[in-house]
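I would like the entire structure built from these sequences, with the hints used as guidance.
Protein chains in written order, with this note's numbering: chain E, 94 to 366; chain F, 3 to 291; chain P, 2 to 338.
Simulated from the structure, these hints should not be mistaken for lab results. One thing to keep in mind: the hints can contain errors.
Below 25 Å or equal to it, Euclidean Cα-Cα: the simulated BS3-like pairs (lysine-lysine) are [stated by the list, open to error]:
#, chain 1, residue 1, chain 2, residue 2
1, P, K179, P, K30
2, P, K179, E, K176
3, E, K152, P, K98
4, P, K179, P, K128
5, P, K179, P, K133
6, P, K52, P, K30
Computed beta-carbon distance windows for the label pairs [claimed, not checked]:
#, chain 1, residue 1, chain 2, residue 2, range
7, F, E183, E, I359, 29 to 37 Å
8, E, T191, F, N154, 41 to 49 Å
9, E, K176, P, P337, 54 to 62 Å
10, P, E66, E, L349, 41 to 49 Å
11, E, I210, F, R32, 49 to 57 Å
12, F, I247, E, T198, 50 to 58 Å
13, P, E66, E, T201, 45 to 53 Å
14, P, R197, E, F164, 41 to 49 Å
Remember, it's a predicted structure, so these values are computed and weren't measured experimentally. Note that beta-carbon positions come from the ideal geometry of N, C-alpha and C, so glycine has one too.
This is what each chain is made of:
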Amino acid sequence: MVNVSATMTASTDQRSRVASLLDGASAKVILPILTMALVLVAWEYFCILLEIPPYLVPKPTEFLGRFYTDFANIGYHMWATSKVILMAFVFAGIIGVTMGYMIVTFATLERGAYPLIVFLEIIPKTITAPLFVAWFGVGLSSKLMLTTFIAFFPILVNSIAGFRSIDPRLYHISRSMGANWSQTFRFIQYPAALPYIFAGLKIASVYAVTASIVIEFVGSTEGLGYLIIEAMAFMDMELMFAAILATALTGLLFNLVVTSFERLVIPWMQYRQ
Amino acid sequence: MMLNDVRPEGHGEEGPEEIMQSAAPTEAQRIALSGRRVSKTFRTKDGENHALGPIDFDIKEGEFVSIIGASGCGKSTTMLITAGLMPATSGEIHFRGQRLHSPLTDVGIVFQDHLLLDFRTALDNVMLQQQIRRLDRNAALERARELFAKLNLTGAENRYPSQLSGGMRQRVSIARALVHEPSILMMDEPFGALDAITRNQIRYDLELLWMETKKTVIFITHSIEEAIGLSDRVLVMSNSPGTIIDEIHVDLPRPRPVHLGEYPEFTKYANRVFDIFEKIGVYRFGRRN
Amino acid sequence: MFSRRLALAALGAGALALASAGTASAADKMTLTLNWLAQPFQSGFFLAKEKGYYDEVGIDLTIIEGKGSTSTAQITAAGSTDVGFVSAATAISLIGKGAPIKIIAETMHGNFQTVASMEGSNIKEPKDLIGKSVAVCPGCAQLPMLKGMLAKAGIKEGEVNIQNVDQSAHISMLEEGKIDAVAGDPNTISIEVEERGGKVRNMYFKDWGIGQISYAVIARNDKLEANPDLYKRFVAASLKGWRGIIDDPEAAITALQNQYKEIKLSRHILLRQLKEGIIPFICVEDSPGIGKASDHLWDVTYEVMTNYMGLDANIDIDAAHTHEFLPADLPSCDLPS
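This is the structure:
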């Protein structure tokens with residue numbers, strides 16, 4: 094009797110320990126990795142099962158191996174692309190939030206500028222990218238400009254929503270406190286808009302990666318897009334897929350950075366309804 | 003410090019008559035706020051909407067004045083104009099003799115919605131006054147904690163608004179309006195969003211708090227009970243465009259119990275308002291005795 | 002009666018029409034996918050079609066424009082097209098990766114790709130490119146050629162600034178001096194620039210060691226095995242067309258313009274491209290005939306690709322191509338004097 098209850102408590106202890114392990118922050122890391130691994134295993138299996146030709150789609154074991162062996166090369170291009178994305182992201186953030194604030198504060202700007210911005214953004218990247226290269230040449234400036242241009246739109250839209258979300262009667266209260274413009278912005282408008290801005294930043298992080306790669310396809314001297322194109326020219330499918338994997342990882346990394354930054358800057362998010 | 007039935011300061015062992023007398027306005031009391039020929043017309047896409055006035059009023063220092071009327075009659079507009087937050091189409095507001103041109107800052111405002119910043123704790127919300135007005139932090143903190151205690155908010159200091167009940171949020175809003183010790187308190191249907199029980203309790207707590215410092219109060223409501231229960235004077239406003247059609251001096255002792263049915267005078271005052279409302283069509287009842 | 006005789010005659014005519022239509026539908030349907038959009042340099046096929054060489058051998062040929070040699074080679078390997086026309090290097094690379102295809106005719110032996118630069122820039126040999134910028138179109142075959150040429154000249158990676166630029170920008174960037182050189186097709190670059198009054202210097206890859214077989218016809222192995230006769234007929238008719246463009250370039254351009262009315266280039270430019278940029282390269286010095294490269298050229302191809310273009314040295318180059326589908330009497334390589 095005693096032994097049974099002892100083993101029972103031992104197993105429940107184990108179960109609760111496993112449960113707490115899965116619940117914690119480790120879950121946020123373990124689960125995605127597990128899912129990724131499962132996808133890769135399924136991919137490998139289907140390649141073998143359906144006898145997919147390697148010159149069309151390489152197996153995960155093949156391109157993962159190249160990811161390891163060519164890591165220096167891939168890493169160099171990954172850094173080249175990431176540099177641009179980072180800079181573009183910062184510019185896009187500053188311009189997007191500022192413009193969002195302006196548009197909400199000055200109604201005429203909304204009527205004039207906003208439709209124009211939407212019109213420019215709707216033009217597909219595949220058309221605007223060659224234009225940017227033709228105007229600004231191949232190199233950092235055209236990459237930076239196009240990536241900034243594309244990344245800033247979700248930040249702008251969400252900033253507008255954020256600044257709009259403030260109950261206008263709050264301004265009665267702030268005005269009766271004697272708050273000047275700077276105080277109103279710092280204490281009321283900016284913190285209220287932050288959650289929305291971060292939503293925009295998360296979307297922008299994905300857009301920025303795709304924009305950066307697309308323009309590298311069109312005109313570049315380095316970067317993951319350049320590497321993918323180069324691999325394609327050499328018919329090196331394994332390297333190409335390894336570079337594609339690196340691209341996805343870059344996007345994931347940026348998204349992660351933004352999410353972590355959010356948790357740092359907006360600790361009150363967890364307390365919202 | 004819970005105050006229960008404490009006589010107003012400086013009156014010792016006086017009876018109700020004494021108190022009633024001091025509640026009546028005298029020439030000696032200064033005018034805090036006054037409005038002359040104040041009116042407001044809104045321009046909308048459907049044309050012009052004459053919403054308010056013209057009205058004239060005087061509010062003395064330390065007086066608790068309610069404005070009561072039907073929805074949309076212009077009472078909230080009156081408050082915003084008096085606070086300098088909305089320009090009048092015509093007429094003037096004077097604060098202690100000076101014409102008002104810009105938002106009044108020696109004031110605390112409470113709206114029907116708590117309008118707290120959901121990204122600040124309750125205490126930090128109140129301390130916004132200190133931050134913006136650049137007041138002494140320690141003094142303000144002490145005052146804030148004091149107010150929290152008096153408003154039954156102890157323990158709520160570090161909670162976010164989303165973690166508080168509706169009644170508590172409104173109390174925090176009141177604390178925010180008082181922490182900087184303004185001369186004037188303006189409240190626009192502050193208890194409108196609360197349930198009846200909370201409403202009564204908060205009304206009781208507010209009166210006691212007010213009695214400590216006797217600020218000038220403008221209180222907008224559509225509840226006859228609240229108006230009579232809290233005020234020295236009730237201004238009754240007609241339907242839109244609102245004008246002041248009656249002024250009731252409330253001579254009841256303070257602090258007033260929540261169940262005002264005890265006092266026959268209450269029924270007298272209440273009926274007066276009901277009759278006016280019936281006359282102007284706010285209420286539509288059958289024949290009454 | 003008059004009307005009855007007329008009706009019988011009509012019936013008879015109808016039956017005859019049906020019979021002849023029957024023989025027409027007995028022709029084999031084939032699709033040929035090109036490496037890119039229709040240009041003068043594929044006009045061997047267009048001329049053959051125009052002159053009815055395919056009809057003569059009972060082939061109903063549909064020609065489809067392609068999206069790059071890589072894409073066309075993959076499509077052929079997947080079996081979505083019967084025959085493809087691609088850069089030989091791309092085909093060989095794909096075969097090296099296990100694609101079940103073969104080269105059945107080497108239609109263009111000379112590598113006519115160049116590194117083009119404006120006359121004044123003095124870029125005469127690979128070493129002149131050190132420190133300069135060269136544009137290559139995304140995923141284009143010229144990239145391995147360029148890198149191969151630089152490697153053969155002993156130039157290290159990074160000494161030449163290779164830029165990945167969409168081909169639409171090449172000419173403008175060259176003319177405006179935004180780029181020092183362009184690795185590309187002289188037909189589209191030099192001739193265009195010259196027509197506008199500029200002067201271009203071409204550095205041919207084949208002069209600097211990158212002289213592999215240029216373009217070839219490929220087909221999937223199982224289709225070849227299933228119907229070898231069909232492919233023999235196709236090759237014969239096609240090579241006749243390729244000979245035809247040497248004999249009568251005007252007719253070739255006419256065929257091109259008839260079949261692809263959307264081509265905007267002037268006839269004059271198209272003719273120049275054909276005569277200057279293509280005809281001289283159909284064969285090289287030791288070519289036995291149109292469609293067949295010499296063994297020596299195959300050796301060179303193997304060498305260049307394994308040393309400089311990343312081809313796995315273990316590839317069985319002989320298995321990558323076959324001459325069994327070539328006609329017995331190959332069209333000659335002789336150029337008109």
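Hint by hint, here is what the structure shows:
no. : hint                          : verdict
1   : K179(P) x K30(P)              : violated (48 Å)
2   : K179(P) x K176(E)             : holds (24 Å)
3   : K152(E) x K98(P)              : holds (13 Å)
4   : K179(P) x K128(P)             : holds (20 Å)
5   : K179(P) x K133(P)             : holds (11 Å)
6   : K52(P) x K30(P)               : holds (17 Å)
7   : E183(F) x I359(E): 29 to 37 Å : holds (33 Å)
8   : T191(E) x N154(F): 41 to 49 Å : holds (43 Å)
9   : K176(E) x P337(P): 54 to 62 Å : holds (57 Å)
10  : E66(P) x L349(E): 41 to 49 Å  : holds (44 Å)
11  : I210(E) x R32(F): 49 to 57 Å  : holds (56 Å)
12  : I247(F) x T198(E): 50 to 58 Å : violated (41 Å)
13  : E66(P) x T201(E): 45 to 53 Å  : holds (50 Å)
14  : R197(P) x F164(E): 41 to 49 Å : holds (46 Å)
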